[in-house]
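A.B. asks: So the sequence lines, in the order shown, correspond to chains A and B.
Quick note, the first sequence lines up with residues 1 to 400 if you use this note's numbering.
Quick note, the second sequence lines up with residues 1 to 545 if you use this note's numbering.
It is worth saying that the hints were derived from the structure and are not from the lab.
Owing to the predicted nature of the structure, the values given are computational and were not obtained by experimental measurement.
For each residue, glycine too, the CB sits at the ideal point set by N, CA and C.
Among the hints, a few may not be true.
So these bits of chain A aren't anywhere near chain B, every CB distance computed over 12 Å [what the hints assert, rightly or not]:
id : residue
1  : 137
2  : 188
3  : 302
4  : 323
5  : 339
6  : 355
7  : 386
Quick list of the computed label-pair ranges, beta carbon to beta carbon [what the hints assert, rightly or not]:
id : chain 1 : residue 1 : chain 2 : residue 2 : range
8  : B       : 470       : A       : 265       : 27 to 37 Å
9  : B       : 470       : A       : 169       : 25 to 35 Å
10 : A       : 129       : B       : 152       : 32 to 42 Å
11 : B       : 93        : A       : 96        : 29 to 39 Å
Residue-level listing of the chains:
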Amino acid sequence: MNALELSRNFLLAAFFLYVAGAIVFTISVTGKKSGKATGGRLGRVGFVITLIGFLAQVAYFFSRWQADGHIPVSNLFEFTTFFSMMLILGFMIIFLIYKNNSIGIVTLPIAVIIIAYASVFPTEVEPLIPALKSNWLKIHVTTVACGEGILSLSFMAGLVYLIRAVDQTKRSAKTFWLEAVMFVMICTIGFAAIGGVFKAQNYEVNFNWVNEKGQNAVLTYHLPAIVGPHDGQKVNGQEATFGPLFKAPSWMNGKDAPEKLNTVIWSVLAGLVIYALLRLVLLGRRISWALNKIMRGVSLPLMDEISYRAVAIGFPVFTLGGLVFAAIWAQEAWGRFWGWDPKEVWALITFFFYAAYLHFRLSRGWEGEKAAWLSVIGFVIIMFNLIFVNLVIAGLHSYA
Amino acid sequence: MGQKVVCECGHSNPEGTILCEACGNPLREEMTKPILTMRYEGGALRSQTYKRTIVDKIWNYFSSVKVGVALIILILIAMAIGTILPQDNAIPSDDPATYYPEHYGRFGKLYVMLGFDHLYRSWWWIILLGLLGLSLIVASIDRFIPLYRGLKHQRVTRHERYLKRQRLFGITQTENPDDIIEKAKKVLKDKHYKIREENGNVFAEKGRFSRWGAYVNHFGIIIVLIGGILRFVPGMYLNEGFWIPEGEQLAIPGTQGQYYLTNHKFILETYDKNNKKYKEALERVGGNVAKNFQSNVTLYKVTGDAVIGEKPQLKKVKDFNIRVNHPLVFDHYRLYQSDFQSELYKMHFSLVNKKSGKSLGDFTVNLDQPKETYTLGHGYKVILEQYLPDFYFNKKGEPDTKTNLPNNPAFVFKMISPEHPDGEVSFVAIRTNIEPLGTNDYKIAFKSLDTRYVSGISVRKDLTIPIVFIGAIIFLIGLIQGMYWNHRRIWIQRKNGELWVAALANKHWNSIKKDLKELAEKTGLNEPIDQLEQKVFEKERGIPT
């Protein structure tokens with residue numbers, strides 16, 4: 001077995017261990033009737049499973065490094081998997097401080113979704129372009145991912161808080177938005193599922209188009225084309241394939257933007273189907289209603305503190321990686337430490353947002369539910385920078 | 001300043017103090033809640049005390065965290081809008097006023113009108129940042145002083161009301177308080193608390209320095225902002241660029257003619273498509289993937305005084321290979337490999353007799369510095385009458401040159417031969433050969449073309465970097481100081497034969513609760529109750545408080 005295959009197996013092992021961990025944590029919280037001691041013991045079992053999963057993922061990381069010949073954080077697949085690893089790391093730190101099982105119910109499934117999501121992107125070993133050939137690739141990217149992982153944990157705790165705190169007996173704006181968060185997460189599952197299905201069939205349709213740099217190029221879709229490239233034509237011999245039903249707007253300037261937009265549309269469609277099925281199973285009740293039932297025993301002040309603690313730990317790490325190390329590398333590679341590139345700007349927006357969060361909390365006393373909603377917005381901003389900045393906006397970071 | 005407020009414990013507090021600096025007695029009952037708000041130790045904030053003069057009003061405005069956060073959010077929203085369309089330095093046009101409406105319609109027009117196309121140079125952006133800086137300074141001073149006073153003057157013995165109204169509070173009935181207090185002191189000492197004693201009461205404190213974190217990090221941000229302003233001071237910042245062909249030596253722009261650079265060779269490497277490791281990825285991407293951009297250069301420094309019109313004396317400083325991520329650094333300057341292009345360098349021709357087709361000799365025109373006369377021997381000679389490096393037809397319909405770069409070279413040659421000692425005229429351009437003065441016996445035949453690389457080098461100097469860097473480091477230190485540690489205080493006091501324990505953390509209450517749990521286990525003290533959690537609990541179950 002070569003290093004690449006080895007790394008794939010390790011990642012797969014981590015994936016299933018996280019699934020198992022998620023199940024154990026869920027039982028440890030819902031099976032409260034059997035007493036607090038059982039919950040604690042099951043929690044420890046869940047933690048050990050998670051730890052083994054994490055070690056498997058670390059093994060994936062280093063074997064992939066061996067296969068790549070450089071640190072595996074240079075494309076979307078590699079970075080996103082690394083991000084999930086940091087999420088788990090953050091979870092383990094928080095678990096060791098607070099010994100709390102409820103966070104595991106949310107964090108582990110999200111880590112699983114993220115790995116599945118990452119695996120839909122091209123997973124081949126890619127060479128490094130000159131701009132990425134620097135030791136700062138290791139330092140900057142890993143610190144940013146670590147910071148974002150810990151900050152995301154604030155969202156996980158905030159989400160548990162909201163699931164537990166929002167009154168599900170009557171409809172309100174809160175139940176709507178909480179359900180919207182659930183829906184977006186289900187769309188991610190939809191994306192992974194639909195991407196996996198068509199990837200297994202090696203589905204492909206190609207378009208001749210003018211790309212974001214104004215060059216003639218071929219754009220490959222791995223999903224049936226609902227939305228086609230602006231000014232694009234299917235290549236000869238593929239006219240009979242499905243779509244496109246309409247064209248992407250011309251202002252979408254990211255790398256291969258039409259193909260990514262197509263993927264988003266598919267994810268939403270798949271998400272809608274899964275969501276409808278789940279509601280059907282729940283006899284029409286909201287998903288957050290069902291989760292609320294599971295989370296009955298959760299301590300709200302504790303969730304609030306964990307959510308805040310994650311920001312307190314993650315904010316300096318993110319600042320160090322996303323702004324300071326980023327600036328040092330930018331100075332080294334591009335000759336300016338700050339250039340208002342969209343990715344840089346969104347890192348600064350993330351920074352300012354969490355600064356506002358801390359001020360709201362420390363000076364204006366926004367704790368509990370308000371802080372939990374803020375942590376949701378913070379996560380949305382992080383995800384926006386990870387995914388959508390590459391999708392919609394052309395910039396120096398559009399590597400994948 | 002205003003009047004002093006003297007507490008029943010005898011301490012004299014500044015006007016506006018909410019909780020006595022020494023004993024914690026609530027001095028302004030109307031401003032406190034059942035559980036005391038311990039922010040800034042209940043000290044007198046200037047902004048909450050003086051509200052009369054215009055200075056007071058401005059001070060109060062900028063000291064408000066609400067205003068500070070509002071500024072942060074405005075900046076955040078402005079930046080987000082600024083990424084919807086590319087900034088003006090990223091568009092392929094020098095005229096934003098027409099480019100944006102043309103490409104983005106009415107929205108583009110509005111974008112330019114509001115200055116979003118050059119957001120980070122617009123006057124209102126600079127004002128926003130200035131206001132944020134002001135707010136940082138005012139708010140920090142406003143809060144730092146009372147906090148510092150409060151923590152400095154705090155006494156061991158605290159007022160009854162102060163203790164009772166802490167979030168964590170508990171009472172223990174005991175026969176032998178001395179024994180418990182001795183044990184408690186040991187437990188807390190082992191947990192690295194600083195212990196002070198007064199009349200048999202104990203005050204344990206830990207991590208006070210973390211309270212200064214916020215002020216340290218605000219100070220760091222102010223330094224970063226100052227660094228940003230200094231960029232506009234002449235001489236602090238330089239941003240130039242130049243094109244240097246292979247084999248050439250040029251003065252480096254922005255160095256006042258002090259430095260010269262020779263470009264020996266530009267190297268462009270791409271990944272081998274048969275590379276086993278990357279084969280799959282390279283096939284998917286299609287086309288070449290760059291592996292390395294590199295200019296092999298030598299840096300020279302001018303020695304002695306330069307005389308105008310004369311080539312200066314140069315001393316070699318060093319050889320260097322400038323690559324992406326590896327700039328050439330010297331004397332505050334940095335040279336970056338930022339671009340490259342390939343240009344026409346030499347054209348090879350031969351003079352041909354049209355009738356016989358026989359070549360009478362070859363010659364080469366250097367497109368950068370062409371010679372005037374090319375002697376071929378045996379009475380044959382070619383004279384370059386006119387050279388148009390970037391040939392086009394101007395408005396009058398005459399041949400002309402657009403630039404001095406050899407993008408589309410054209411030549412007017414005079415061909416001297418024994419038959420035509422006065423010469424025949426031939427106009428030669430790429431894929432063009434015109435005989436403007438009738439039919440010639442001879443022609444210039446194009447043979448081949450040499451190209452060479454031109455390196456695009458950017459020249460940077462930024463003396464603000466150390467300032468910005470130090471600011472960033474101070475910011476991070478302050479952030480970690482404030483975020484990774486917390487300030488914990490525990491009071492153990494004798495009251496009417498009971499032992500009262502009150503505890504306070506500025507955040508992360510779970511950590512101090514753990515300390516208290518251990519304290520209770522090892523000393524026999526009752527574990528203090530979290531009065532806040534108690535309230536939440538009662539509220540959820542509908543128990544009126």
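A.B. asks: Next step is simple, just say for each hint if it's right about the structure.
C.D. replies: Hint by hint, here is what the structure shows:
Not every CB of chain B is more than 12 Å from the CB of residue 137 (chain A) (nearest about 9 Å), against its label as outside the interface. With a minimum CB-CB distance of about 23 Å to chain B, residue 188 (chain A) clears the 12 Å threshold, and the non-interface call stands. Residue-level check failed: residue 302 (chain A) sits 7 Å from the nearest beta carbon of chain B, not beyond 12 Å. The non-interface label for residue 323 (chain A) is inconsistent with chain B: the shortest C-beta to C-beta separation is roughly 7 Å, within 12 Å.
A cut-off of 12 Å between C-beta atoms contradicts the statement that residue 339 (chain A) is not in contact with chain B; the least separation is 9 Å. Remark: the non-interface label on residue 355 (chain A) conflicts with the geometry, its nearest Cβ contact in chain B lying 6 Å away (cut-off 12 Å). Once the 12 Å rule is applied to beta carbons, residue 386 (chain A) is consistent with being away from chain B; the minimum gap is 15 Å. Taking the beta carbon of each, residue 470 (chain B) and residue 265 (chain A) are about 49 Å apart, not inside 27 to 37 Å as hinted.
Range check, residue 470 (chain B) to residue 169 (chain A): about 56 Å between beta-carbon atoms, so the 25 to 35 Å window is missed. Against the hinted window of 32 to 42 Å, the Cβ-Cβ separation of residue 129 (chain A) and residue 152 (chain B) comes to about 57 Å, which falls outside the hint. Range check, residue 93 (chain B) to residue 96 (chain A): about 56 Å between beta-carbon atoms, so the 29 to 39 Å window is missed.
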